[in-house]
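**Student:** Fit chain Y to the given chain E structure using the hints.
There are 2 protein chains.
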Amino acid sequence: MLVWLLRFRGGINIQSDDPEQIFNVHPFVMCWGFILLVGEAILAYTTIPMDHRTQKMVHMLVHLVALILGIFGVYAAFKFHDAAVAPDLVSLHSWLGILAIALFALQWLFGFFAFWLPGAHERARAILVLAVCAAETGLVQKSAAAASAGEGKLINATGVFILLYGVAVATAVALRKAFFL
Amino acid sequence: MLVWLLRFRGGINIQSDDPEQIFNVHPFVMCWGFILLVGEAILAYTTIPMDHRTQKMVHMLVHLVALILGIFGVYAAFKFHDAAVAPDLVSLHSWLGILAIALFALQWLFGFFAFWLPGAHERARAILVLAVCAAETGLVQKSAAAASAGEGKLINATGVFILLYGVAVATAVALRKAFFL
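These protein sequence lines map, in sequence, to chains E and Y.
Residue numbers for the first sequence follow the numbering used here, beginning at 1 and rising by one.
Residue numbers for the second sequence follow the numbering used here, beginning at 1001 and rising by one.
Next up, chain E with everything else stripped away, as it sits in the complex (with noise of 0.2 Å):
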């Protein structure tokens, strides 16, 4: 992703007059900030070792920094439409995109009460393959305006690391349920 940005896209910078420095704050947050951090807070959950108020504890405010980094990096790839004269929710990418960062808004704030009730973790699960869904055809999106083969393969091999990446959160959880619980 990194190598992308930076080698292939000419850098991230949510400050600078060239538009696309701008939309590149967009990929760069919600891969190593959003969807990153929302499975390192899934297995927080059960894996630090430490009492289960300590894992409740950090598996919430790492979903806090999760969403507050989520919202800022819709905030980028809406001030990159206002940049390049563009018009906002057209696209799949963004319907998705939009849906997941709602949904998972409205989980962590009744969290407390969704913990209460049955489905939480499923719910959880459910949320985090919209996001990796919509992180998949954002690449796709994008990959339109690759520039040579070589960026075109960069970027499918991010999105299959980054569908790894879901898929081992959600199969951890899973397994470490049917064999602990």
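What the hints contain is simulated information worked out from the structure, not anything from laboratory work.
Possibly wrong hints are sitting among the right ones.
What the simulated footprint calls covered on chain Y by chain E, stretch by stretch (three residues with Cβ under 8 Å from a Cβ of chain E suffice, anywhere in the stretch; the number is not a length) [claimed, not checked]: (1) 1057-1066; (2) 1080-1094; (3) 1150-1160; (4) 1166-1174.
Partner residues are not named here, just some residues of chain Y that face chain E (Cβ under 10 Å, in silico) [stated by the list, open to error]: (5) P1049; (6) D1051; (7) L1099; (8) A1102; (9) L1109; (10) H1121; (11) R1123; (12) R1125; (13) V1129; (14) L1130; (15) S1143.
Glycine residues also receive a C-beta, built at the ideal position from the N, C-alpha and C atoms.
**Tutor:** Chain Y alone, transformed into the frame defined by chain E:
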């Protein structure tokens, strides 16, 4: 999906002289064949009101029909590339799609053994998620060719419904387990 392919994209015909009509077989068969039937097969394993032996048999047969239709759908994409003189396996969509169908075929072939290994159903759901991701990336790729804002919104809505189907199947299985296992 059908409104999109028939009204906006000029129809579905695997033996057409028009490469676009050959292509249209691909999304049609992957969506209404592969993804729909994989979901139905997953649900059939627990929801068919017969003895468990019959459930398993229906589960396996529906998965087999899904696999055959999936392979036919991939063939349609390759035939389209052939007719349009375009290279194969360039896009992230093609990588994710081939990965999905290959893992699905392996899972089916080793199904008899896989049922005895832990995590078989987790793997099956991971493959469904992968297939949905592949569908979303395919739609985004094709939406670059959308001729109007109306067609764009139709493609987006199709993508949202495919995603909701995947989430509904995964959630139904998970909740059933949580309540009745």
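**Student:** For each hint, tell me whether it holds in the structure or not.
**Tutor:** Results of checking the hints against the structure:
no., hint, in the structure
1, 1057-1066, "violated (count 0)"
2, 1080-1094, "holds (count 4)"
3, 1150-1160, "holds (count 5)"
4, 1166-1174, "holds (count 5)"
5, P1049, "24 Å, violated"
6, D1051, "25 Å, violated"
7, L1099, "7 Å, holds"
8, A1102, "13 Å, violated"
9, L1109, "20 Å, violated"
10, H1121, "9 Å, holds"
11, R1123, "8 Å, holds"
12, R1125, "8 Å, holds"
13, V1129, "5 Å, holds"
14, L1130, "7 Å, holds"
15, S1143, "6 Å, holds"
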